[in-house]
Amino acid sequence: MKGKYPFLISYLWLATLLGALDFKIPEVIDLSGFGTVLGDQAKQGVSLEYDVRERCYGMIPRSDVQLISLDTTFEAPSSGSIFYSQVEADLPTVFSFPLGGALAVIHPDRFVSITSGLDPIQVMKSTSRSSKEVQNSFAIKKGDKLTGGDGSGVYPSKNFGVRLFDAKNELWMNTIFLAPWIRDNTSPIMRSAKLIMTGTDKKVLFDLMETNKKEKLITCPQGNYSLFVDARDIIITSSRYYSAPYCIKVMLDGETVIDASFIAARASGEGISFLGNPPPSRGSIGEGYSGEGYSYHVGQFLILRGKHDLMLQVNDFAGNQTTMRTSITAY
Amino acid sequence: MRRRFYGLIIGIAAIIFTLFSIRSTLPEREITSSVFLTFAEALDVSRIPKARSDQIVPFIAESFLGYADPLEELLYVHPFKGRAAIDRLGWITYDRLATDLKLYDLNGGGQQFRAYAYPWFKASWRVLLRADQMGIAVMDKTGLIRWEKEFPTPITAIDASSLFLAVGTLDGSISVFDPNGWAILSMQNSLQEFQTIYGLALSADSNYLIIVRGISPKKIETYRFTDNSFAKVSESSLMVNTTFQATIAIARDNSHAIMSFGDMIIYYNIKNKYYRILEAGMAGVELSETQVDFRYFVLGSLKDSLVAILRSDLEGKAKSDVIILNHGLPVHIAPGAFGAIGDEEVIGFVYKDGLELLKGWRP
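Going line by line, the protein sequences match chains A and B. Counted the way the numbering used here counts, the first sequence spans residues 1 to 331. Counted the way the numbering used here counts, the second sequence spans residues 332 to 694.
What the hints contain is simulated information worked out from the structure, not anything from laboratory work. Each hint should be verified, as a subset may be incorrect.
[Stated by the list, open to error] Here are the simulated lysine-lysine pairs, DSBU-like style, with alpha carbons at most 30 Å apart:
1) B:K480 - A:K168
2) B:K472 - A:K168
3) A:K141 - B:K563
4) A:K145 - B:K549
5) A:K145 - B:K650
6) B:K472 - A:K141
7) B:K563 - A:K142
8) B:K634 - B:K472
9) B:K480 - A:K203
10) A:K168 - B:K563
11) B:K550 - A:K168
These numbers come from a predicted model, not from an experiment.
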């Protein structure tokens, strides 16, 4: 089932923000998208060992896209000037930062991109003051080959991180729309959807997925409910990596009560805000509410006394959609 | 009467001048002993006597980590793979992908630690730097997270003294926290105009904070701790053409700071607010004009005005030297070493196969 119209709007919104920026995610063999829970597939599609009932520090939605290249090179997504570079030390006595070899580049219209997982030697050489062309050495051109070597920081070999910040609007951008080569024809997979009643000491929890498999009816007290959804999207067919869904919508009796998306994440002094949740970003992840993975906190809505029809829609960035309907009787 | 008064003043000034002149020209203390302790002969960390736990100095080598007891001239080691962070209470080992963290206490007993982050230990602070480099968590010795903080842009600099933890970010914000997580200094830069923090350092006595910030021109800012916060006391332009993240250390005597920006080393005089680029000709090594031969990392201040830096061969991963600078002048080189430790009495160099301990000091 397709729902292209809202995505055209999202694309246009993004195109408006991007303005003159010529930014393209280079063609790669695989990727893990913006919003995907960090560390959930840290080792080539293999999850970090964790027990979802306990908190694992650092598992928050990612603000970059992780790109897996066919070889150890990667094309610079846009032209600009390098203003910050970091390298990995390769020695146990020197602390290296998790992004490994990284370049921060300033682009027109106050966009800043960060490419990480780069080979430290290339970072050193491309930004060294002892280069003969000092003034030009800080410039980077779209399509320039960047090398990953054996991988650096938290990125394995052939893996790179790319993130784009819109400084004017203080937003970390979802760059998935800037990869026109992607053909995603599969719908997101909904793994878990749970309603948690808020404002009570007791955790009153309703499992929409389980209900949907059986009687498709929930009987619950009236009140405010938070919705936690675990859904995954395979962007590249037969990929070992999955991505976060693009947006999650809830309609109660035909009226939209939740419309949360990963189109961008707002940055502020308190941190990063995903899916409309207040910062810090860990507030966007519900721990222990899902059977096998982490769930996104997609929003809250009020269920008043009476019979209701609830429809949950999960979309990927290409407009592929998965829906689920449940009847609710609130008392 | 007035003549006698002036005479007294001149006399006191002459005595002070003489005292300072003698101090600055005094020869360095002689090395009273030099000993090389091999890992092959070291004891297991579980054998550290409790009575000595305050005297041991932690270190990390290539495949061993552990503690040196300089007075007893003993090494206590534990084998490890990958990376590690260590302090006097234990250590965490982790892999580059941040997927396999293990927390150890001094008995050597390890337990899986659940985090997707790199651990960073200094001055009794135990910090987790989140894998996206945009958050920190401060934990206790049991691994319990006491508080955490997220930043809007990646962290580019971190340092700690016994009292404070300082963090700088790509957009130019600076935060200094006390052990309870209260921000005693918070300078939130506008996200619209990046003033990137390239490096920062806290002095060991927590009195000074030095920051290198700004894309072009860069500035060195000095802050002094007064009235429960840090107040800026000076600002100097740093006219260097580099984009590198810096590693910085303030000498224990607070006279100067040493900064490294990839292939460049800078001496900054805190009191007189001037800097000098050091690396050319340092320890008899010239940089090639056409390519980068070395990269430098500041390892830390040792004692008085000594700062240890690491010079690493860019092409050969195994090649490194530790250079000791005294007021920015190279006074000792330890070829093949890749770490340095120091306290009031001892300076040590970490090698692949053991530790060299020098008691006393002479360049």
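Structure-based check of all given hints:
Among the hinted pairs, K480 (chain B) with K168 (chain A) is consistent with the structure: their alpha-carbon atoms are about 24 Å apart, no more than 30 Å. Restraint check for K472 (chain B) and K168 (chain A): the C-alpha separation of about 42 Å exceeds 30 Å, so the hint is violated. As the CA atoms of K141 (chain A) and K563 (chain B) are separated by approximately 39 Å, the hinted pair breaks the 30 Å bound. Under the criterion of a C-alpha separation no larger than 30 Å, the hint pairing K145 (chain A) with K549 (chain B) is consistent with the structure, at around 29 Å.
At most 30 Å may separate the alpha-carbon atoms for a hinted pair to count; K145 (chain A) and K650 (chain B) meet this at roughly 28 Å. The suggested pairing of K472 (chain B) with K141 (chain A) is violated, with an alpha-carbon distance near 47 Å, which exceeds 30 Å. This hinted pair does not check out: K563 (chain B) and K142 (chain A) have alpha carbons roughly 40 Å apart, beyond 30 Å. In summary, the hint linking K634 (chain B) to K472 (chain B) is supported, as the alpha carbons are separated by about 27 Å, within the 30 Å threshold.
Between K480 (chain B) and K203 (chain A), the direct Cα distance comes to roughly 27 Å. Compliance with the 30 Å bound is thereby established for this hinted pair. A threshold of 30 Å between alpha carbons decides the hint, and for K168 (chain A) with K563 (chain B) the separation of about 28 Å falls inside it, so the pair holds. At most 30 Å may separate the alpha-carbon atoms for a hinted pair to count; K550 (chain B) and K168 (chain A) meet this at roughly 24 Å.
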